[in-house]
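S.K.: The primary structure of each chain is shown beneath.
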Amino acid sequence: MKSPPFEYARAASIEEACAFIAQHGDDAKLIAGGQSLVPMMAFRLLRPGWLIDIDAIPALKYVAIETDAARMGACTRQCDIQHDDVLAAAVPLLRQALAHVGHVQTRNRGTAGGSLVHADPSAELPLTAQVLEARMVLRSHSDTRTLPAASFFEGAMTTAVRPDECVVEIQWPVWREKKTGSAFTEISRRHGDFAIVAAAAQVAVDDDARCTRAAFGIGGAAPTPAAFPDLAKRLVGTRLEKETLRDVAHDAAATLEPGSDIHASAGYRRHLAGVLAARVLQSAYDAARAAR
Amino acid sequence: MSERLYAIAIEVNGTKRTGQVTARTSLVDWLREHLNLTGTHVGCEHGICGACSVMLDGAPVRSCLMYAVQADGHRVTTVEGLARPDGQLSVLQDSFCEAHGLQCGYCTPGMLIAAQALLDENPRPSEHEIRDAIGGNLCRCTGYQQIVEAIELAARRMAGEAE
Amino acid sequence: MSTPQTSPYGFRYIGAKRRTKEHPRFVTGRGRYAADIALPGLKHVALVASPHASAKILSICSEAARAVPGVHYVLTGDEFCAATDSLPIGVDAPKVTRWALARERVRYAGEWVAAVVADTRALAEDAAELIEVEYEPLPHVTDAEQAIANTDTLVHPAHGSNVILHRNFVWGPVEAEFANADHRLSFRATWNRNATVPIETFAVAAQWNPATEILDIWASIQMPKYPDQAARALRLPGNAVRVHYDVDVGGSYGVKRGIKHTVLVGYLARRLGMPVRLIEDRLENMRGGDMHGPDRTFDMTAAFDGDGTIRALKIRAIDNVGAYAGRAPFQLGKPVSAICGPYAVKAVAYEPVSVMTNKTPQEAVRGFGQAPTNFALERTMDRVARHLNMDRLAVRQKNLIRKDQFPYTIPSGSTYDSGDYQTVLDKALAAIDYPALVKQRDAARENGRLAGIGISTCLEPSGGNSAFEPLLNPKNETTTWMDSCLVRIDLSGAITGIMGTSSSGQGHETLVSTVIGEVLERDPATIRVIHADSLQALPSNSPVGSRMAIMLGGAAAGAARQIKETLLAIAAHNFECEKEDLDYRDGNVNLKGVPDKMLSWDQLVEIAHRKFHAMPAGVEPGLQAKFVWEVPTGGGLPTPDGRIQIYPCYAFECHIVYVEIDPDTAQPEIKRYVCGHDCGVMINPDIVHGMTYGGIAHGIGAALYEQFTYDDNGQLTSGTFMDYLIPSAHEIPPVKIVDHCTPSPITTFGQKGSGEAGYLGAPAAVANAINDALAPLHVEVNTLPISHLAIWETIEKAKRQ
Ligand SMILES: Cc1cc2nc3c(=O)[nH]c(=O)nc-3n(C[C@H](O)[C@H](O)[C@H](O)COP(=O)(O)OP(=O)(O)OC[C@H]3O[C@@H](n4cnc5c(N)ncnc54)[C@H](O)[C@@H]3O)c2cc1C
Ligand code: FES
Ligand code: FES
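Chains A, B and C are the protein sequences, given in the same order.
Numbering follows our numbering, in which position 235 of the first sequence is assigned residue number 235; successive positions increment by one, without gaps.
Numbering follows our numbering, in which position 136 of the second sequence is assigned residue number 136; successive positions increment by one, without gaps.
Numbering follows our numbering, in which position 705 of the third sequence is assigned residue number 705; successive positions increment by one, without gaps.
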């Protein structure tokens with residue numbers, strides 16, 4: 001299980017990285033934390049002629065919290081996101097999601113951008129991005145564009161990122177509602193594995209415990225993590241009564257077309273999707289009510 | 001056509017080591033085959049078992065999921081670097097011996113790295129925190145129980161509460 | 001579990017807390033594993049594996065591979081099979097031949113077709129990708145029952161059938177007991193394929209020395225008769241193969257038997273005149289490493305009375321051994337020695353069937369077939385209880401062999417040496433506070449959880465003579481499985497124990513030094529233990545079948561006792577008295593009651609090494625002793641009706657597990673775990689406990705997580721660590737072990753085996769707990785592993801009913 005041969009270059013800046021990938025086109029791949037890329041190389045599922053290392057680019061490692069969004073460089077490490085208390089206060093879902101991502105050793109290398117671009121259907125950060133409607137800033141040698149999560153994820157392990165593009169920044173919306181709560185949960189066979197199904201939710205309530213804003217999504221039950229903005233609107237104005245919650249979760253699960261593998265059947269995944277969606281909404285709602 | 005070689009310089013267990021490697025040489029293969037530091041083990045080469053854990057700039061990582069070229073300019077600590085400067089076993093190593101926290105020894109270097117990193121950050125971890133810290137390190141011999149006990153013992157000893 | 005600092009059995013060292021001799025090298029990264037052996041000029045092997053479950057090989061083109069700079073050789077089956085002999089097979093099936101490389105036909109996906117030798121492993125892999133093999137796919141079969149029925153799809157057409165072993169044993173008045181019993185029940189229990197999957201894959205390096213004509217081998221091996229088999233297949237005399245047993249093995253638990261790897265690498269090393277190494281990567285290991293374990297379906301029928309007495313059992317066990325068979329079919333033989341478990345059952349019928357399919361070949365796995373059998377037996381006990389609406393404990397207590405019944409002979413001819421099953425069970429029940437646990441479960445149920453308690457009471461047959469070989473193959477007359485030790489005292493008075501096999505985590509150096517220290521009353525810390533190579537070692541059968549405490553421990557004690565006798569003889573000669581007039585203390589010998597009349601250890605050693613004139617007549621100078629031990633119960637051939645004593649000792653374990661399942665997600669959680677264990681005298685309790693914890697973890701894996709799954713195309717679909725789920729510290733709960741000691745009356749110190757402990761009862765207990773949790777829904781699951789999906793599907797089934 002040795003990687004096929006390739007050539008390596010360490011980019012010092014975003015510009016340099018973009019120039020490299022423009023030059024080599026399809027033959028080059030960016031490497032950030034390597035926690036998904038290196039196993040694929042070891043299995044010889046990928047054979048790029050060049051690996052362009054963007055992990056040492058200072059301009060890709062920062063967290064800046066602004067009123068409406070927390071912005072972070074694409075190469076911000078998962079462990080740094082997890083341990084950032086200020087960030088956790090602004091976008092609590094991130095820390096909750098990362099508790100389920102791999103292990104200490106993989107989070108010490110793995111990056112936010114790498115996880116999003118890898119786009120595993122059951123990965124936690126892509127789900128979080130969908131739920132919160134995160135925006136990704138993409139740079140090429142000639143262009144900069146910003147994509148919302150909804151158009152960023154195109155399919156299982158595929159995104160809208162072009163071969164000559166580098167994700168440089170991720171913008172996580174910050175909810176300004178005072179009483180906001182969020183929750184993340186998943187079922188996996190072993191702790192730290194990719195989820196069979198994962199669910200995430202964020203809910204804001206007024207002083208009357210009525211929902212003023214809600215977002216939720218489900219991962220692992222479709223080629224891309226799914227968010228349900230329209231269904232979430234049905235919760236606004238309610239106190240997430242049992243029946244409403246059940247119906248919304250059920251309707252969300254019903255839209256999904258999960259696959260089957262050795263760990264779970266499509267039926268089990270769809271079932272879990274409904275159960276977990278209801279659970280995270282309830283937990284997020286409870287947290288919102290408890291928030292001060 | 002022969003593969004291109006890259007010059008690297010990595011501080012390993014406190015000593016600067018240099019070498020010429022192909023880009024595809026993993027960090028663990030470089031440590032084992034080029035530096036003859038065979039204490040770091042290989043169990044899966046795809047990131048799951050944790051046997052290859054080393055510290056990179058003080059944080060535990062999987063050395064099968066890194067190319068040696070990526071570690072150029074960084075600091076690596078392997079199991080060979082855990083003992084005290086005089087060569088005596090560290091408190092953690094000694095606690096593994098005392099609590100029988102190993103059998104075949106194959107996962108042990110990775111376990112020690114994961115545990116040492118935990119104790120560096122959190123000197124009095126709970127059982128849950130210990131299990132979480134070694135949750136990415138598979139052991140087939142011990143069922144983890146005596147490993148957890150060994151780490152608990154090391155924490156108590158470091159706090160001066162046990163011999 | 002803390003271990004007492006002093007021996008609870010009244011020994012000096014045996015049973016006391018003692019650090020192992022091996023650990024210091026392991027915690028400092030100074031172990032020496034097969035992959036660590038650096039030989040100058042070492043070349044590396046990569047393999048080309050079959051993508052098909054069954055196919056004809058039409059052609060192999062390796063020109064492009066050979067042309068890669070740094071590639072030294074490409075070997076295919078045509079050359080290899082002509083130059084080496086087929087690996088031996090245990091059962092009577094001479095047409096089922098097996099080589100490391102396929103010739104003409106591949107029989108499973110992952111089977112090796114070609115080997116590339118290159119300067120680095122990476123280059124060898126590059127070249128392997130360039131080898132073009134043309135196949136003609138053939139029909140395949142992966143299911144054992146289909147393989148029996150479908151006589152058109154033969155894995156080995158020359159054998160004429162896919163069945164490689166089929167026997168019918170009837171021990172005792174089975175039909176009469178069935179006719180007279182109040183009740184009968186039948187069900188099927190399935191144990192799917194898993195294995196021990198050590199974290200170290202198999203690795204072997206070989207070097208041929210043309211001057212001495214010796215092939216040196218360093219391997220991560222745990223295999224009886226390994227040097228002999230390697231030499232034979234390579235057509236070399238036995239004394240031309242030297243296996244270095246001082247290689248540390250990174251876990252094995254049965255499976256490290258890379259004989260095919262070894263013959264391949266040995267052949268290449270000799271053919272090329274270069275040292276050659278093969279380290280399986282994890283993909284090769286999982287698909288083509290030939291280390292999968294039992295894959296077994298049990299049809300269980302029990303006859304029992306209304307009071308819970310089990311009168312007779314009928315057991316049909318169909319085992320899927322995969323595409324080739326070495327010793328794997330014998331894994332249906334070990335259970336004969338404990339076919340009715342710890343229960344006093346009068347009559348048993350046993351029908352073992354071993355079937356070849358297009359799956360990866362099966363190898364010996366911890367327990368050698370006993371763990372699946374225990375699972376089936378313990379499911380039977382729970383089913384009987386449910387059938388009678390009786391308490392599961394009561395049914396077990398009704399049938400457990402009582403303490404006063406030992407030695408106890410079961411229908412299949414094995415005599416159990418000793419035991420006190422009821423007391424061990426009582427201790428475990430007390431440790432978990434069983435009445436409180438039942439309340440906890442019932443309270444959880446009231447809160448809408450699915451909650452269950454699982455119990456298993458099982459045996460670990462240990463220290464055997466391998467006589468399941470003649471039992472299952474009349475042409476094979478193996479009845480000894482000796483082990484040995486050589487103890488040497490050098491002129492400085494230092495003690496060295498020499499053993500003849502490698503270790504894979506069992507702490508044999510600690511075992512041997514403790515035993516020698518006990519007998520000679522010398523500090524074990526000062527005793528060195530080495531692993532001799534195969535040309536220097538005395539006979540050993542390697543650490544299989546929970547035998548080393550009994551067999552190697554017994555051999556070390558025997559050799560040490562001879563040394564002690566020699567020392568006493570020297571002293572008696574010099575004091576002109578009888579040995580009986582002497583006291584031996586700490587290695588010094590004095591005339592009883594006369595403390596000054598003493599010869600110290602150093603003086604005695606000096607006499608033995610230098611002063612022939614002070615030696616008694618007929619005593620060898622030099623002070624060393626060897627001891628080769630046959631199994632304590634000896635070795636005999638089976639009776640015509642298949643009764644036989646294979647294992648001398650029977651350790652007992654009982655498991656009590658508490659599981660809760662989230663009814664909405666089907667997620668199980670093991671919340672409590674207690675194991676009562678009696679393996680007689682524990683020579684090193686930390687080591688015994690460690691293996692038991694590890695065995696339980698492994699058993700939890702078998703019960704809930706681990707399976708080698710195959711798809712319809714005969715492809716292994718769990719061939720990586722992402723899909724073959726070895727439980728981590730998150731999945732394994734804290735476990736409490738409760739010890740009890742019923743010494744074995746037939747071993748040196750009262751010890752029994754323990755290397756398979758935990759694994760033998762954990763799968764059964766966990767399965768029983770899940771079923772207890774599902775019981776209120778009136779559904780059950782009898783197939784392992786019980787995945788989340790299986791639990792969910794079972795719950796769904798209940799909803800539909
Ligand atoms: C044992 C183990 C368990 C894991 N468990 C989980 C889990 O439970 N959940 C989970 O989500 N993940 C899991 N992972 C994957 C892990 O989270 C990875 O960190 C992540 O998927 C990829 O991040 P990376 O920085 O390592 O990216 P890399 O592996 O370096 O790259 C991944 C892909 O993204 C591309 N890429 C990286 N950065 C950029 C960029 N800035 N712009 C454009 N393209 C880019 C690369 O070219 C590559 O195609 C696990 C990994 C391991 C080894
Ligand atoms: S060898 Fe690196 S994680 Fe297994
Ligand atoms: S001690 Fe053997 S794998 Fe952990």
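These aren't lab readings, by the way, just hints derived from the structure by calculation.
Keep in mind that the hints are not guaranteed to be accurate.
Distance condition first, Cα-Cα at most 30 Å in a straight line; then the derived BS3-like pairs of lysine-lysine [said to hold, decoys possible]: (1) C:626 to C:799; (2) A:179 to A:233; (3) C:225 to A:242; (4) C:21 to A:242; (5) A:61 to B:16; (6) C:346 to C:398; (7) C:626 to C:21; (8) C:21 to C:225; (9) C:564 to C:475.
S.K.: Which of the numbered hints are not met once you compare them with the structure shown?
M.R.: Hint check: 1, 3, 4 and 9 fail, others pass.
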